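**Q** Spelled out, the chains give:
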Amino acid sequence: MKRSYSLVLFFLLLFWCLGIFSEWLIKIDEHFVFALPFLQKTYSLVCHQEKNKLLFFDGVGTLACARCTGIYLGLLVSSLLVLFKLPKIKFRINILLAAALPMIIDVLLGSLKIYTYSKLLAFSTGLFLGSIGFFYLYAGLNNLILELKR
Amino acid sequence: MRKYLAALICGFGAGVLQIVPFVKSFSCCMILPLAAFISLLLDQRATRNFEKIPMKKALLFGLFTGLFAALFGSVFELLITFITKNNDVIASFTDLQRIVQNLPLSEEIKKEVLGIFQSVREDILKSGFSILYTFSVILNNFIVNSIFGSVGGLVGAQIINSRLSNQSNGR
Chain A
1043 MKRSYSLVLF
1053 FLLLFWCLGI
1063 FSEWLIKIDE
1073 HFVFALPFLQ
1083 KTYSLVCHQE
1093 KNKLLFFDGV
1103 GTLACARCTG
1113 IYLGLLVSSL
1123 LVLFKLPKIK
1133 FRINILLAAA
1143 LPMIIDVLLG
1153 SLKIYTYSKL
1163 LAFSTGLFLG
1173 SIGFFYLYAG
1183 LNNLILELKR
Chain B
22 MRKYLAALIC
32 GFGAGVLQIV
42 PFVKSFSCCM
52 ILPLAAFISL
62 LLDQRATRNF
72 EKIPMKKALL
82 FGLFTGLFAA
92 LFGSVFELLI
102 TFITKNNDVI
112 ASFTDLQRIV
122 QNLPLSEEIK
132 KEVLGIFQSV
142 REDILKSGFS
152 ILYTFSVILN
162 NFIVNSIFGS
172 VGGLVGAQII
182 NSRLSNQSNG
192 R
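Line order of the protein sequences matches chains A and B.
Under my numbering, the first residue of the first sequence carries the number 1043, and numbering increases by one thereafter.
Under my numbering, the first residue of the second sequence carries the number 22, and numbering increases by one thereafter.
Don't take every hint at face value.
To be verified - With the C-beta cut set under 10 Å, the calculated list includes, among others, these residues of chain B facing chain A: (1) Leu53; (2) Leu100; (3) Ile101; (4) Leu126; (5) Ile137; (6) Asn182; (7) Asn187.
Rather than coming from a laboratory, the hints here were simulated on the basis of the structure.
Please read these numbers as outputs of a predicted model, since none were measured by experiment.
Where is the CB? At the ideal position from N, CA and C, for every residue including glycine.
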């Protein structure tokens, strides 16, 4: 994939991730407050936004839960990495399943109340899945571009 | 239309999961990509075509799944709001007030923001309809769902195709 396409992808993901932290952005420019309810609605489509699962720093919370924030940040980190170097591993389905496994186990054990929900664990398992999952999206987009060029 | 029947079915399912109270609490970023992935699997079974999926087709299936989810999600959400004269905007209004009051904003901005959302809240409580709310629901649903659906279509096709190449390599 051309570097310009990777750059567009990175910026799209960056904007999406910035939206999650929009309550922080209000501290930079107060006009962001007008977008807050609209953004809350946007992220409610893709996250349950349960209050006890949101990340809070300095009294200000994220608009997506710890796990979803992890997934999106994972995607962002990998999109930044491919700008510099694309890993030469062949991403087979087993790798994606292995990356999803910690998150699935955490969800299951948490839901069965075997242990209490941990934001750190939810965030890290999400981050792991997101950072690996990005390469499947990247490969899909790459194949799409190649197909369209034919 | 028949060509995208699988997308319609999965889009309907995802749209419903996004708005039904209680079920909504299980919603997560995986619902739409999963719906797009399932629509590709359903289409394969319906057409009995188990060859590699072209990415263009995967993108279209994902996009249509997202668009159908947005259509059904918006219609149901607006309908439920109209009938019950209640929705998440009303439920979260006190939270919004608290957040806005706690933020380091000028009194003028605080008053303006809360004024806008107070008017949306009053419209919904009175008639079950607000133009601003309707616009926000439709815009959000169509943009977010179509993007997540397309992503799900592309990643889903990668997974299905990778499984097919694994099977052919194993033979």
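**Q** Could you run down the list of hints and mark each one as holding or not?
**A** For each hint, the structure was consulted:
no., hint, verdict
1, Leu53, "7 Å, holds"
2, Leu100, "17 Å, violated"
3, Ile101, "14 Å, violated"
4, Leu126, "5 Å, holds"
5, Ile137, "8 Å, holds"
6, Asn182, "8 Å, holds"
7, Asn187, "7 Å, holds"
Hint check: violations occur at hints 2, 3; the rest are consistent with the structure.
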